[in-house]
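For reference, the chains in residue letters:
There are 2 protein chains.
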Amino acid sequence: MKKADFPVANVRHFFEPGPVMLISSALANERDIMTLGWHTVLEFSPSLIGCMISVGNHSHRLIKESRECVINLPTSGLLDTVVAIGNCSGEEIDKFAEFSLTPQPASNVSAPMIAECHASFECRLFEDALVDSLNFFVFEVVKAHVAPSPKKPETVHYCGDGEFMLSGKHVSRRSLFRPEML
Amino acid sequence: MKKADFPVANVRHFFEPGPVMLISSALANERDIMTLGWHTVLEFSPSLIGCMISVGNHSHRLIKESRECVINLPTSGLLDTVVAIGNCSGEEIDKFAEFSLTPQPASNVSAPMIAECHASFECRLFEDALVDSLNFFVFEVVKAHVAPSPKKPETVHYCGDGEFMLSGKHVSRRSLFRPEML
Chain P
6 MKKADFPVAN VRHFFEPGPV MLISSALANE RDIMTLGWHT VLEFSPSLIG
56 CMISVGNHSH RLIKESRECV INLPTSGLLD TVVAIGNCSG EEIDKFAEFS
106 LTPQPASNVS APMIAECHAS FECRLFEDAL VDSLNFFVFE VVKAHVAPSP
156 KKPETVHYCG DGEFMLSGKH VSRRSLFRPE ML
Chain X
6 MKKADFPVAN VRHFFEPGPV MLISSALANE RDIMTLGWHT VLEFSPSLIG
56 CMISVGNHSH RLIKESRECV INLPTSGLLD TVVAIGNCSG EEIDKFAEFS
106 LTPQPASNVS APMIAECHAS FECRLFEDAL VDSLNFFVFE VVKAHVAPSP
156 KKPETVHYCG DGEFMLSGKH VSRRSLFRPE ML
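Chains as they are written, first to last, in our numbering: chain P, 6 to 187; chain X, 6 to 187.
None of these hints come from the bench; they were simulated from the model. One thing to keep in mind: the hints can contain errors.
Pairs involving identical chains hold if they fit within one copy or between any two copies, as the list cannot separate such chains.
As the list claims (entries may be wrong) - Heads up, simulated BS3-like pairs for lysine-lysine below, C-alpha to C-alpha not over 25 Å straight-line:
no., residue 1, residue 2
1, K156, K174
2, K7, K157
3, K174, K157
4, K8, K69
5, K174, K8
6, K8, K156
7, K69, K156
8, K148, K174
9, K7, K156
Isolated chain P, as found in the complex (with noise of 0.2 Å):
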C-alpha cells in the first residue's frame, strides 16, 4: 500500500477510535509483530502514543532494549490475518514471513513498517517510567505514513471473547464545536 507523509501531531485520527494494531519492532537479527488493542493518545506535540505490551510478548524484549518500534493500522481485510498473528508466538516463528507480509523500512527507526497496512507510524520510546511496573511504553511518534484512500478505512476493533467490531458509519457534529475545541 503506497503511503504519505502524514503530519504526527494528527494522529489521534487514527489511533483514538480504539482499532486493533500491529506493532513491529527488531533488534538485532530478531524481528516481530505483535497486536495491540491496548494504547492511548497522551498528548498532540510532541505526538505521545501510550502502549500497554506485556511482557509475555515476545515483542516485549525488542521493543525495550530497541527503544523503537512501529505501530502499523490494519484494515479489515487483514483481520483473520491480525487474529493469526496475536495467536502464535514471534519466539518460534517469523510472523513476517509465516503470514506473508512486507517489511519496508523506515525512515528514523530500524524496525520495519508493514507495508500491507493502511498507515504506519514510527515511534520512539520517549518515558519508561511504568515500563517495568505497568508494561506501559509511552512513544513519541516521530514519523507518519498514510495511505492517502480510502478516507475512512474500515478498522477493526477487539472486544474480548475473539469478538470484533467493525468500525461502522461515520457522522459530523463539526457545527457544534467551538473552534478552539476542534
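Chain P is already provided as a structure; the job is to place chain X on it using the hints.
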C-alpha cells in the same frame, strides 16, 4: 437505565473498542462531567484503566484531589449531549443540571454515576506517577454496573475535527483463537 453488577475483570469488553466515555467526579460540594477519548485498558486483575485527563479540564482537580471518579459509557442516543459536555466548562455550569442528566449514588466512591449511560465504572486512583508530567491517571475499577440490554450498544468513537465513528457490525473469530487467548 437499570444496571446490574458486572465482573470488574471483564471491563475490557467496553473500554478496548475505544468509545468516548464520560467521567463524573465530585469534591466537597462540587461535581462535574467531562468527555474522555484518551483511555486504555492496562490490566485485567486488578482491573486497571489508564486515562489522560488534561490539566485544562475543570474535572482534573476534582479527580486529582478526591482520587476517585466514575467512568460512564454513553451510547449514540447521547451523542449531542456528549458533544455539548465536551464544549463547555464545569467552572461555569453544573453539567448534570445543564444537560438534564441524573446523578446516581455509587457504591464505593463519592463521585456520582450518570443514570442515562449504558454502563458506569467506579474507579479509585491506583498509580499517579505520570499525573504531573503527562496528566496520565491509572485507575482501578472497583465496581462495574452494566445495563443487561442491549447486548451490543451502539457506541461513539471520536476521530478529531468534530467527526465521530459509530460502532458497526460485530464479527466473531472465536474459532481461530487458542483457548488460552480467550
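The hints, checked one at a time:
1. K156 <-> K174: both (13 Å within a copy, 19 Å between copies)
2. K7 <-> K157: So K7 and K157 pass the 25 Å test inside one copy only (16 Å; across, 35 Å).
3. K174 <-> K157: both (9 Å within a copy, 16 Å between copies)
4. K8 <-> K69: Classified as neither; 27 Å inside a copy, 41 Å across copies.
5. K174 <-> K8: For K174 and K8, only the intra-copy Cα distance (24 Å) is at most 25 Å; the inter-copy one is 27 Å.
6. K8 <-> K156: within (12 Å within a copy, 38 Å between copies)
7. K69 <-> K156: For K69 and K156, neither the intra-copy (33 Å) nor the inter-copy (39 Å) Cα distance is at most 25 Å.
8. K148 <-> K174: Neither, since 28 Å and 32 Å both go past 25 Å.
9. K7 <-> K156: Cα proximity of K7 and K156: one copy only (14 Å, versus 39 Å across).
Hint violations for this structure: numbers 4, 7, 8, all remaining hints satisfied.
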